[in-house]
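Peer 1: Next come the chains, spelled out residue by residue.
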Amino acid sequence: MISTPKTPLMNPLFRLQYEKVQDGYVLLFPEGMIKLNPSASEILTLVDGVRTTDDIAVALRKAFPDAPEDLEDDVTTFLQHAEEKKWVVYD
Amino acid sequence: MTNQASQATEASQPTKATTPPLWLLAELTYQCPLHCPYCSNPVNMEETFNELSTSQWKKVFREAREMGAVQLGFSGGEPLLRKDLEELVAYARELGFYTNLITSGIGMTEKRIAKLKDAGLDHIQLSFQSANADVNDLIGNKRHSFKQKLNIAKLVKAYNYPMVLNFCITAQNIREIEEVMTLSTELKADFVELATVQYYGWAYENREHLLPTQSQLVEAEQAINRYRDQQSGGPKFMFVTPDYYENRPKACMNGWGTTFLTVTPDGSALPCHSAKILPLTFPNVKDSSVQNIWEHDFSFNHFRGDDWMPSPCKTCDEKDKDFGGCRCQAFLLTGDMHKTDPVCDKSPDHHLMKTITDKAGQQASSTLKFRTVKNNIPVKMIQDLTV
Numbered sequence: 001m002i003s004t005p006k007t008p009l010m011n012p013l014f015r016l017q018y019e020k021v022q023d024g025y026v027l028l029f030p031e032g033m034i035k036l037n038p039s040a041s042e043i044l045t046l047v048d049g050v051r052t053t054d055d056i057a058v059a060l061r062k063a064f065p066d067a068p069e070d071l072e073d074d075v076t077t078f079l080q081h082a083e084e085k086k087w088v089v090y091d
Numbered sequence: 001m002t003n004q005a006s007q008a009t010e011a012s013q014p015t016k017a018t019t020p021p022l023w024l025l026a027e028l029t030y031q032c033p034l035h036c037p038y039c040s041n042p043v044n045m046e047e048t049f050n051e052l053s054t055s056q057w058k059k060v061f062r063e064a065r066e067m068g069a070v071q072l073g074f075s076g077g078e079p080l081l082r083k084d085l086e087e088l089v090a091y092a093r094e095l096g097f098y099t100n101l102i103t104s105g106i107g108m109t110e111k112r113i114a115k116l117k118d119a120g121l122d123h124i125q126l127s128f129q130s131a132n133a134d135v136n137d138l139i140g141n142k143r144h145s146f147k148q149k150l151n152i153a154k155l156v157k158a159y160n161y162p163m164v165l166n167f168c169i170t171a172q173n174i175r176e177i178e179e180v181m182t183l184s185t186e187l188k189a190d191f192v193e194l195a196t197v198q199y200y201g202w203a204y205e206n207r208e209h210l211l212p213t214q215s216q217l218v219e220a221e222q223a224i225n226r227y228r229d230q231q232s233g234g235p236k237f238m239f240v241t242p243d244y245y246e247n248r249p250k251a252c253m254n255g256w257g258t259t260f261l262t263v264t265p266d267g268s269a270l271p272c273h274s275a276k277i278l279p280l281t282f283p284n285v286k287d288s289s290v291q292n293i294w295e296h297d298f299s300f301n302h303f304r305g306d307d308w309m310p311s312p313c314k315t316c317d318e319k320d321k322d323f324g325g326c327r328c329q330a331f332l333l334t335g336d337m338h339k340t341d342p343v344c345d346k347s348p349d350h351h352l353m354k355t356i357t358d359k360a361g362q363q364a365s366s367t368l369k370f371r372t373v374k375n376n377i378p379v380k381m382i383q384d385l386t387v
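Chains as they are written, first to last, in the working numbering: chain A, 1 to 91; chain B, 1 to 387.
Treat each hint with caution, since some may be false.
Claimed, not checked - Below 20 Å or equal to it, Euclidean Cα-Cα: the simulated EDC-like pairs (lysine to aspartate or glutamate) are:
#1 Lys236/B with Glu31/A
#2 Lys85/A with Asp229/B
#3 Lys188/B with Asp91/A
#4 Lys117/B with Glu83/A
#5 Lys20/A with Glu66/B
#6 Lys321/B with Asp306/B
#7 Lys250/B with Glu83/A
#8 Lys35/A with Asp229/B
#9 Lys236/B with Asp48/A
#10 Lys157/B with Glu31/A
#11 Lys20/A with Glu63/B
#12 Lys20/A with Glu94/B
#13 Lys188/B with Glu31/A
#14 Lys236/B with Glu83/A
Simulated from the structure, these hints should not be mistaken for lab results. All values reported here derive from a predicted model rather than from experimental measurement.
Given only the sequences and the hints, what does the whole structure look like? Please build it.
Peer 2: Next up, the structure:
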């Protein structure tokens, strides 16, 4: 039995945006801002409501072929964190 | 209000701005259909006039955004009274701001809420004076405002805006905190600020009436925790307590001139929205660029860093946590804006807090001073009283 990979979607409460002055991506929400680190940014920019979690890991592996072996695990862990923080939601 | 002499003698090497103003509060107008006795606007109602034009506001937004500002609050007064609100929101959104509308809801219509959505408005924060219709209408001194607010809250959700509700908590309504939380859940708010009023502006004038007692605050906190414990989903509640009962001051504005920039209706640029009461001369966006103001103006540099700090702040190991507290509070309570915030129990003026808090709960609400032109209180008079 193989579980179907889930498809994350950005929570409309948050807006992901590149900020030149911050030299990276930020999450904007009512009266607040979270600065994202580079790997979190790479993952969240791939969250579009179409790609599954597996698709995101595959796309990242393709973009960063020399990334460490645990890249796929990192994606899973980060997306769990992002779900807890309500940055991403699942239907 | 000027006090040039004291500024000239205190000139020292100013600490440079090291961060951009991330948060721009645009107070579009001080006009408001409500008359709340705790309004944070200046008690000098003459400052109501001479508002910036549409193009002057656009210049402010453009210049702040170029420096890296990301959050823009459209506030007031009641920002809906500006007929160019939609145009300003659209412009700000196009620049890349996260746009927040901070409103009483009075004057909002479905047509406008739809137009603001088209303009790209990101979020609406709606204020309530109470969860009880009569109390709400009494505090805002406007009939039927509660009913109107309920309708607007439903429209905000119907148009898929994130909704923050802001309840100003005072001695008049602190006992009904559970009703407030129930109402917020029914209205499907995303975040709820249970904000005990801070004592500036009109709230300072009415402080003895508004300040809850310590036991009322403890009971409120217990009620909030009980509600949170049985919550599954629903709004996230944030309880803001008044610092009058604390032993350490708040990190006001995250440090003077580090994060926040307020521009008032007439274009004055301030490091916080209540700073105009201070004996400093603040610059105006009509005369200078936002960057020039932020980086070089005397008033913005005056309390940056810790060069300005008095004892006991100067040698305190917590000075990087609270930056000496709030300059406006130090000024209002001691008459000297350079002193340690008296909230701190290391301050030689800390005893002032107890004389104030001892009086909490002893005043009848019937003598509240509502915010109207009739109650206009010249700023000069407040300064004379406190010095």
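Peer 1: Each hint needs a verdict: does it hold in this structure or not?
Peer 2: Going down the list of hints, with the structure as the test:
1. Lys236/B with Glu31/A: The hint holds at about 14 Å.
2. Lys85/A with Asp229/B: Roughly 19 Å between the alpha carbons, so the hint for Lys85/A and Asp229/B holds.
3. Lys188/B with Asp91/A: holds, 19 Å
4. Lys117/B with Glu83/A: violated, 26 Å
5. Lys20/A with Glu66/B: Answer holds: Lys20/A to Glu66/B is near 9 Å, not above 20 Å.
6. Lys321/B with Asp306/B: With Cα atoms ~12 Å apart, Lys321/B and Asp306/B stay inside 20 Å; holds.
7. Lys250/B with Glu83/A: This hinted pair is violated, its Cα atoms lying about 31 Å apart.
8. Lys35/A with Asp229/B: violated, 30 Å
9. Lys236/B with Asp48/A: violated, 26 Å
10. Lys157/B with Glu31/A: holds, 18 Å
11. Lys20/A with Glu63/B: Holds, at roughly 15 Å.
12. Lys20/A with Glu94/B: At roughly 16 Å apart (the allowed maximum being 20 Å), Glu94/B and Lys20/A satisfy the hint.
13. Lys188/B with Glu31/A: Judged against 20 Å, a Cα distance of about 19 Å means the pair holds.
14. Lys236/B with Glu83/A: holds, 16 Å
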